[in-house]
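S.K.: Take a look at the letters that make up each chain.
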Amino acid sequence: MTDTDTTTQYRHGILPEFTAEEASRQEFVKSLKLHLAHKVAPGNKIAFERNVVPRFEKQHNRAPENRHEVRKEMSQEPTFRMWSTLLRTSQEMMWKACQTPVERQLDTLIETAKHATGAGGTLELDPELSIPKYHTAVDIHCQPGAYHTEVTADDVAAGAVYDRAVYVYAMGRMGPFNDDIGASLAAWLANERPDFKPKRILDLGCAVGHSTIPYVDLYPEAEVFGIDVGAPMLRYAHARAESLGKKVHFSQQNAEDLKFDDNYFDLIVSHILVHETSNTAVRKIMKECNRLLAPGGLVIHGETPPYRDMEPFDAFILDWDTRNNNEPFWGGSHEIDPIVLAEESGFPASNVFEGMAPSAFAEAEARRTHAFRGGDFGGGGVWYCYGMQKTDTKPEAAE
Amino acid sequence: MTEPAKLPKKAKGARPYFFDDPAVDKAVAIVMGLAGEVSVMHDRLDTIEHLLAENGTLSQADIEGYEVSTAIAVERDAWRDRFLDNVLRIVHQELEDPDGGRANDPAYEQAIADVLD
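Line by line, the protein sequences give chains X and W. Here the first sequence stands for residues 0 to 398, where the numbers follow numbering that gives the first Met the number 0. Here the second sequence stands for residues 0 to 116, where the numbers follow numbering that gives the first Met the number 0.
Simulated from the structure, these hints should not be mistaken for lab results. Incorrect hints may have been included.
[What the hints assert, rightly or not] Covered stretches of chain X (in silico footprint by chain W; criterion: 3 or more residues with CB under 8 Å from a CB of chain W, positions within the stretch not fixed): (1) 5 to 19; (2) 136 to 149; (3) 186 to 198; (4) 259 to 273; (5) 370 to 380.
[Unchecked claim] Sample of chain W residues lacking proximity to chain X, with all beta carbon distances greater than 12 Å (derived): (6) V27; (7) A28; (8) L51; (9) A52; (10) N54; (11) T56; (12) D80; (13) P105; (14) A106; (15) E108; (16) Q109; (17) A110; (18) V114; (19) L115.
A quick note: this is a predicted structure, and the numbers were derived from the prediction, not measured. Glycine included, every Cβ here is placed at the ideal spot set by N, Cα and C.
So that you can see chain W by itself, here it is in the shape it has in the complex (with noise of 0.2 Å):
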């Protein structure tokens, strides 16, 4: 039997990285990585909880077979979008508050200050 063909897996042209160390776009890349196996597992467990609601049993063959409804769909979208918004609860925080943003932003050393005053 012949190999399968494999498909290229990595686009040609150089990659840009954003950060001035590349490593923190790759952990980036490895958390959202991460953060999408999660929500497939999120997307497995609807099934089996959908199934067993529905049956009260379940085999494997029901899991993979199992047709999201568009209803089913639109709530799994939501639920992606409320993940989303605790994975990158960072990124948001700095989006609401630009100015909580700030690396070690001198104005809390100023609060400290007045206080004491």
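Here chain X stands alone, though its shape is the one from the complex (with noise of 0.2 Å):
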């Protein structure tokens, strides 16, 4: 394979091996999953004009004004029903069939973690930090155990089964690297500001740390930091750092609460973070962002696209995933207006900026959708990003 396949992902050091069958399950999964976003998800749509929109205005006088609205009644809607039993069956499937091949070789794995060396990162995990309520409520997006879970002594199964299965949701669009939203934003930070050095990064939830690697692609001369709560996910990701050669600091914190010192960091990122905290978890998030930045220092969040300029069928289908993949911030996070987080973060509202980042991958246009919506992850192609930069002078001098 390539690094542009759109059939494979890269086979690092740490990735599970999968016997021909668990591999054939997986292609299922990613075949159900693009037949869905392709050839079931459309007839929503149909379903809401033909016979929602008149039933309501037939009742109200009116077209639905916003996704409640819109969702009390396509619920009723036998369309609307088979495609989300089809798509949480996939779900379902998708964490079994990425769980099976972790569970069967997870001595191994474990040991490959413990020996992975090669690119002079590093790992700290903090066995004392407490796992925050959003992660323990329910398990998100359905990955039985979530990130943090730890099954026997130095664990890593989350991670790995995490790995897969993001290569599965996103149908191999994300590249065989699963980097795609970390690559595009880095890309589209480095056209917006063509100068801008930084010299210490952060990525905040990184996961198994997909998303973080391009930045050390793109700034080669930067220190590259990740944090993340799950220690499975850390393990992981170290090991799969090293096993690619990209040099990353990888320690267990929380994105809220963090160790280093002030003004330490120049770019701050996070990629499908935001929609997994909660309202008051943002807030406390940006605070130490504004803190953690250097003056002139950055912080930028990629997700999908807010709700605030979408039709309200647009709205509703995209926050499927609230109510039915166990994302619960999911609607609320898409409500987030940069300009109010902002100024409650102490970061100046003219200095909020919000773009469109093309996907990197190119590659998977055939296989996109253009649609942002419930199971059709990085069907899109492109990515949502807001952020802000530190002011440059100090707080005091500035009021």
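Could you use the hints to bring the two separately framed chains together as a complex?
M.R.: Rendered as structure tokens:
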């Protein structure tokens, strides 16, 4: 395979082995998800226009005005019910298909992770760290055990399962390294700010480091750090990065309360982190970013687009995960106003920026739907990003 | 020897059911599970056919160690898409003809009445 392969995940040193049957089972889920996105999901819009809108207008003398009104009606539609039950089932099948091979070879994976070297990166775990409630209340995106559960000593299972599942979930459309969000944001940043050369970079909620590594490539002079609350993720992330020859310093920390010194970073990034936190946590995280950034430093979050400029139906269909895929903050996070968030976390509103970063993995174009909706992750071909710049002067002087 | 560690298999959190009777959702999940296993069998048969065509004979190790090339992976993706076209026929049919998807549509009774006029 090559870096541009749309059918195969790159076989780095800690990717689990798959028997022929296990690989086929995963391939089926990938095909099912692609089939649902391309051939079944479009029926929802038809049902909305033909059935829901006329029914709603008859009752209320107006069209549905927001995603909540759309949801209430659409949940009665047989088309939506069938698509939803198939999509939820595909998600459960995906986790099972990725778990079984990991369970079978967990001892070997743990040994591999223990002896990971090659790039000079580091791993620091904190067994005392308390896992935030938004990660323990439900298992996020239906991964049994989520990011943090450890089933044995030195466990890497959650990371190994997640790495493979991300590939299946995005149907290979995030590239052989699953790095499309990081690579796209990094490319967007380099294009927007060609003179910006960060010396220290932090990736918040880095999981297995799949979005972290593009920054190592883009800024080879920089020191790159990744933090996450999940120890099994970080052990796996460290082994993965070392195997790929990419130097990253991973540590187990909560982004709401970090151990780094003030003004330590020039660039702080996150990739689909915000929607897996909470309103309170996001404000704390942004205050931490403000503390950690050097004057003139940038914080950037990558997500799917906010609901505010969307038609009610489009917001509704992107919001599917909130109730149906164990993503309770998905909806709330898509209503965040970056200007308000800046004011709450000490950044000047005038230093807020937003953008749409085109996917760096152009090879997947033929498999994209150009839609933002549940179960079609990476189908949009573009990532929404927003961020803030810390002022160059001290806050006291600015007042 | 210690028992190998077991991963939890059910995600924490209430599972949504979309139909009035959860048995419908469960039946769909079972059918799709079965469809997945048929697809796994198809891949295996495809491997065997390729090996036989190439070598005229094969061993268990040949099948298990078979490297799926990008070209064959693309062919299998296309096969699974056609397979799902067949398995999900009833769903696609409704998308093609939304009116035909309406349960017990009185329009059909009307058609019977009309031809008797």
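S.K.: Against this structure, judge whether each hint is valid.
M.R.: Status of the hints after comparison with the structure:
{"no.": "1", "hint": "5 to 19", "in the structure": "holds (count 4)"}
{"no.": "2", "hint": "136 to 149", "in the structure": "holds (count 9)"}
{"no.": "3", "hint": "186 to 198", "in the structure": "violated (count 0)"}
{"no.": "4", "hint": "259 to 273", "in the structure": "violated (count 0)"}
{"no.": "5", "hint": "370 to 380", "in the structure": "violated (count 0)"}
{"no.": "6", "hint": "V27", "in the structure": "5 Å, violated"}
{"no.": "7", "hint": "A28", "in the structure": "4 Å, violated"}
{"no.": "8", "hint": "L51", "in the structure": "16 Å, holds"}
{"no.": "9", "hint": "A52", "in the structure": "17 Å, holds"}
{"no.": "10", "hint": "N54", "in the structure": "17 Å, holds"}
{"no.": "11", "hint": "T56", "in the structure": "18 Å, holds"}
{"no.": "12", "hint": "D80", "in the structure": "6 Å, violated"}
{"no.": "13", "hint": "P105", "in the structure": "16 Å, holds"}
{"no.": "14", "hint": "A106", "in the structure": "14 Å, holds"}
{"no.": "15", "hint": "E108", "in the structure": "20 Å, holds"}
{"no.": "16", "hint": "Q109", "in the structure": "19 Å, holds"}
{"no.": "17", "hint": "A110", "in the structure": "20 Å, holds"}
{"no.": "18", "hint": "V114", "in the structure": "27 Å, holds"}
{"no.": "19", "hint": "L115", "in the structure": "29 Å, holds"}
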